[in-house]
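Listed in order, the protein sequences are those of chains P and Z.
As numbered in this note's numbering, the first sequence has no gaps in its residue numbers, which increase by one up to the final residue, 266.
As numbered in this note's numbering, the second sequence has no gaps in its residue numbers, which increase by one up to the final residue, 283.
Derived by calculation from the structure, the hints in this document are not laboratory data.
All values reported here derive from a predicted model rather than from experimental measurement.
Watch out, some of these pointers could steer you wrong.
What the hints assert, rightly or not - Pairwise CB distance ranges (calculated):
#, chain 1, residue 1, chain 2, residue 2, range
1, P, G44, Z, L126, 35 to 41 Å
2, Z, A19, P, H130, 31 to 37 Å
3, Z, D127, P, V71, 54 to 60 Å
4, Z, D127, P, K189, 50 to 56 Å
C-beta atoms are modelled at their ideal positions from N, C-alpha and C, and glycine is treated no differently.
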Amino acid sequence: MHGYLTIEQVGKIFDTQSGKFTALANVSLGIEKGEFVTIIGHSGCGKSTLLNIVAGLSRATTGAVLLDGAVVDEPGPDRAVVFQNHSLLPWLSAYANVRLAVDKVFGKTKSASERDDWTKHNLALVHMDHALNKKPDELSGGMRQRVGIARALAMQPKILLLDEPFGALDALTRAHLQDTVMEIHQATKSTAIMITHDVDEAVLLSNRIVMMTNGPSATIGDICEVRLDRPRRRLEAADTPEYARCRKQVLQFLYERHAQVGHKAA
Amino acid sequence: MTGILGDVAKPARFKPWLARLRLWERARNCAAVLVPPLVTIAVLLLLWQLLCGEQGSALPPPSKVVKDTWELIRDPFFDNGGTDVGLFWQILASLKRVGIGFSMAAVCGVALGVLIGQSSFAYRGLDPIFQVLRTVPPLAWLPISLAAFKDSNPSAIFVIFITAIWPIILNTAVGVRQIPEDYRNVARVLRLNGLEYFTKIMLPASVPYMFTGLRIGVGLSWLAIVAAEMLVGGVGIGFFIWDGWNSSLLSEIILALIYVGIIGFFLDRAISFIGRLIAGRPI
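This is chain Z alone, in the form it adopts within the complex:
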């Protein structure tokens, strides 16, 4: 094909060059995302090392943390019986408790949220109670649940449940109450029954709100589990930290804190990912 500018139909010759350009661009975009946090982390580590690096400082510097805990980092899967198990098992035990407590909170919270969102009577009756109960700190429930369940594990799970449920209830209720009148009218004209209305209109319309509540809930559960486990003992990341304190193993505590932070971050991301899947749109 010969045009005014001569033979222009030779894209193949330019392809490798173009591909290289694109790769370069992608690498640059990647770097733009990765470099700032890496730099921040490096600076913070350096600062920490400088502040705590001297002999006799109260907290160990990062180099010492890595050296002291290298065995734990290297093999998170060991199992010497009792509470002497690798970090993987410790975290798994905590995640199990959070998983059970949070799932129950999600089911009950959504159900109660729908109830007070739908019915003004239920809203007037229950909302004041919820508003008071939600301000009770999670650990304040622990003695009561220990007395009620007479066992540490269900007590810890109950603390998670009671911590996570309030934001789920309140956000779900807001989500249900904000459903536009138009959607209700569509449902009425179509004569959708209760179940159809719930699955076809209420759930999709309020999913973003529900998942806001679920995200706050999972964050709070993860906060509460560490504190609860410190008190109830057994295998779990909370007790691991407490145990580290009792044995003056500060490096182990610091390592555990890093793991707790990272797991908390992924829990939050996991919930918002599930929310996006269910809603079929960004939430």
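Looking at chain P on its own, in the form it has when it is part of the complex:
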């Protein structure tokens, strides 16, 4: 399988106190430029492990990840990560958090005023230009996550990696952020992988939904192509047969074919 990003036969084995634990086995996936792919699966199925391997934060035990023809073996700004709990530096303002990334990535190629503009531009993309000087503790959970997304976008990554970015947010805030992410994806044509638990979120945002089987030895169980036109609107999309079909396919996968053991018993 070949694409812009290629995940080739990736496996991950952890050494634990009770012996070796195979978290991932034989994961292969190709992602085209501009594609938005979500990975969905039950907790503990190794979704985050897979994302960390793509990010370079963790090493694959077997197999390899290639991005734009080059092997991924360490983290870098070409694979910007939006972390689950925003990971903003609490002593820096929203602006300074993004500016830190901009300075690091564009320190040699852009002038100071260009970097200032670029920082503000990215904060404006996530609708946070009104709170440039606020520290993370002065922002709500949703706003922090917006700044986190702005920081990742500002690195102008080849691929954006979103690790359950909306997991800790309430439903309304989530919906707003999903809209923002769709807007940005539309505007920047960025390539993205996002991990989620939420079936509707997956259907609404993705070109393809990658469904993972339960661990140990988790792998890709099924892939659902979402053939909805973009830009998508939440309410209109939800009424289409395609939306219903995808939703059903994912739900069936999660709750019939690969229900969690505990849930099956209950």
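Chain Z: place on chain P using the hints.
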């Protein structure tokens, strides 16, 4: 502007009254902070006066302390040469020693703390040694340092250094070890180099811990300097106290103790103030 309740737009008429009210409130808040300690001090002084006021008591009462030491209080800046100088110079001499010893301890302590906080190997190797050495009382180092430096002043400074360094090392190490994995990951994704990681992430993330160590360190240095100076002599508040004891000038000793306490308090406050400035937030 006429509303239902008639003309209400006359704030100017009420202003002086409001201002007076605010002033009164501020004065009350001030009093609430100041009155309890003042009352406590007054009661303690009275008690002291009553207990030591009789003829032939072992310690002088406060009235006698003030009377005996009035010359010292009035003119802290005199200089008759040798060790016969005003309290300002005595304290300044002690502060200089603490300043030098503590600064060296701060630099080395933070560096060693970062080292054992960052590297598990260094931690395993050095931590047991630090844990043993930190329990050695400051003055136990004095003979060794006198033997090594063959001079009293560097010996006193070394005692300050060795006293202050342990809490700085250990707290800095804790601060570095508690840096959340997330911040490290951010640094890795951004590919910050060692220096950038140190200044942009490690330092700000562990500043509160470092300054806890520095505050404990400065407190201990100030404790140790008095004892060290008693032994090494020369100008300094410690020797001043020792000299007072040898000359049976108890009032002077009591005055010196009050100064030592107040200076120690301000040293602690100064360090936490600097910490707040550097961290940009309360620590």
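Tested hints:
Under the hint 35 to 41 Å, the C-beta atoms of P:G44 and Z:L126, about 38 Å apart, fit the expected range. Here the CB-CB span from Z:A19 to P:H130 is close to 35 Å, well matched to the stated 31 to 37 Å. Taken as a hint, the range 54 to 60 Å is violated for the pair Z:D127 and P:V71, whose Cβ atoms sit roughly 39 Å apart. Against the hinted window of 50 to 56 Å, the Cβ-Cβ separation of Z:D127 and P:K189 comes to about 52 Å, which satisfies the hint.
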